[in-house]
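Protein chains in written order, with this note's numbering: chain A, 1 to 213; chain B, 1 to 213.
Be a bit skeptical, because a hint or two may be false.
For chains that are exact copies, the list does not tell them apart, and a pair is met inside one copy or across any two.
Within a straight-line C-alpha distance of at most 20 Å, the following computed EDC-like cross-link-like pairs (lysine to aspartate or glutamate) qualify [as the list claims (entries may be wrong)]:
| no. | residue 1 | residue 2 |
| --- | --- | --- |
| 1 | 13 | 181 |
| 2 | 165 | 136 |
| 3 | 165 | 144 |
| 4 | 186 | 131 |
| 5 | 107 | 129 |
| 6 | 86 | 187 |
| 7 | 13 | 197 |
| 8 | 107 | 24 |
| 9 | 183 | 24 |
No wet-lab data here; the hints were simulated from the structure.
2 protein chains.
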Amino acid sequence: MELRKKVSPAVVKRLPRYYRYLGDLLKMDITRISSKELSVRMGITASQIRQDLNCFGGFGQQGYGYNVELLYNEIGDILGVNYRFKFIIIGAGNMGQALANYANFEKRGYELIGIFDVNPKVVGTKIRDIEVMHTDLLEKFVGENRVDIAILSTPYTQTPAVAEKIVELGIKGLWNFSAMDLKLTKDVVVENVHLSDSLMVLGYNLKEKFLTE
Amino acid sequence: MELRKKVSPAVVKRLPRYYRYLGDLLKMDITRISSKELSVRMGITASQIRQDLNCFGGFGQQGYGYNVELLYNEIGDILGVNYRFKFIIIGAGNMGQALANYANFEKRGYELIGIFDVNPKVVGTKIRDIEVMHTDLLEKFVGENRVDIAILSTPYTQTPAVAEKIVELGIKGLWNFSAMDLKLTKDVVVENVHLSDSLMVLGYNLKEKFLTE
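Model the full structure from these sequences, guided by the hints.
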């Protein structure tokens with residue numbers, strides 16, 4: 001367990017990708033794989049893979065490679081898929097609804113237990129059998145249910161107030177889609193998602209590769 | 001122009017973030033800023049900022065700091081916001097619809113010109129005044145319109161065939177939300193988006209910080 005504490009943020013960022021690829025291998029009934037083969041599939045170097053996976057004590061064996069299922073389960077365990085994190089969505093606009101319908105989260109061990117909005121047109125409607133509640137009911141809901149993570153998909157202007165409320169209610173994880181960066185504090189861990197950033201990186205690469213003489 | 005070619009992928013990944021923060025400063029009528037002040041706002045070190053921005057010839061002046069508007073425009077130019085990239089969305093499910101409704105892309109210089117799906121319930125409906133077309137019409141559409149980027153929000157199983165079609169039609173940019181990694185080739189630049197990965201990083205940090213004794 002001591003070793004795990006040393007995992008660097010850069011390695012942590014790559015773990016979900018290992019987890020995905022290993023899951024795909026399992027589906028294909030591939031039971032073991034060398035770092036070289038995995039490297040070809042994932043498009044990263046074999047030495048990077050060995051270095052990353054050594055952080056957890058090294059599951060590979062010389063001449064055998066990695067036991068896919070063992071590694072998959074171990075990385076899943078490190079990532080916390082067995083915690084059955086419970087999350088809510090605040091802001092049931094287009095992005096909130098898209099996220100609510102994203103079944104992949106469940107496969108990763110995340111369970112959606114509530115959706116909140118202030119828009120009277122949306123409150124009371126159902127998304128995947130979950131009735132959208134008015135945000136006024138958030139405090140009551142959090143009092144009665146364990147909520148690990150709140151997804152923020154509110155409009156930009158509402159973000160600070162909602163984020164403050166979330167922290168005040170003791171929710172410890174914040175997944176933020178609201179276009180405004182929120183900072184990690186001692187009370188909460190945050191992941192900010194900026195979809196436009198990814199699109200702009202694509203645009204840059206497109207320009208550099210194909211549009212610039 | 002020579003200098004720009006040397007921008008590393010790591011720096012490119014940070015540019016959209018600089019662009020956002022500088023845009024926010026402009027909105028607040030802040031006309032100049034030191035790397036130190038910017039560092040506090042952005043939560044990265046001042047030396048990192050200076051190093052990043054020096055890649056483009058360095059816009060800062062000792063004792064003055066950065067001219068916000070100049071830097072904003074320059075980074076925008078580097079990122080290609082003036083190219084008016086035209087994009088289409090293939091797959092008008094929840095994620096496709098959320099992306100179609102994401103107005104931020106337009107602010108960054110990206111214009112949505114077409115939406116495609118195969119589902120008869122969706123084809124013919126309108127999203128932001130754009131009628132969803134059947135994917136069979138894709139080839140004709142690309143023949144008649146300049147399409148820089150295709151957003152893939154198709155179900156997993158359809159992804160390989162649709163991606164192949166896109167490359168065959170000569171579209172050079174692929175923004176992939178389809179849960180299956182696609183690889184960059186000489187014919188196309190790709191950004192793969194895996195929302196679950198970001199959630200799992202959050203889950204890991206949550207676990208490490210609050211749930212593990």
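Outcome of the hint check:
1. Taking the shortest Cα distances, residue 13 and residue 181 sit within 20 Å of each other both inside one copy (18 Å) and across copies (16 Å).
2. Proximity of residue 165 and residue 136 under a CA criterion of 20 Å is satisfied intra-copy only: 11 Å inside one chain copy versus 48 Å between copies.
3. When the C-alpha separation of residue 165 and residue 144 is checked against a cutoff of 20 Å, the pair qualifies only within one copy, where the shortest distance is 16 Å, while the shortest distance between copies is 50 Å.
4. Taking the closest pair of Cα atoms, residue 186 and residue 131 never come within 20 Å of each other, the shortest separation being 32 Å inside a single copy and 47 Å across copies.
5. Proximity of residue 107 to residue 129 under the C-alpha cut-off of 20 Å is restricted to the intra-copy arrangement: shortest distance 18 Å within a copy versus 35 Å between copies.
6. When the C-alpha separation of residue 86 and residue 187 is checked against a cutoff of 20 Å, the pair qualifies only within one copy, where the shortest distance is 18 Å, while the shortest distance between copies is 42 Å.
7. In this assembly of identical chains, the alpha carbons of residue 13 and residue 197 lie at most 20 Å apart whether taken from the same copy (17 Å) or from different copies (8 Å).
8. Taking the shortest Cα distances, residue 107 and residue 24 sit within 20 Å of each other inside one copy (13 Å), while across copies they are farther apart (37 Å).
9. Proximity of residue 183 to residue 24 under the C-alpha cut-off of 20 Å is restricted to the inter-copy arrangement: shortest distance 16 Å between copies versus 34 Å within a copy.
Of the numbered hints stated above, the single one contradicted by the structure is hint 4.
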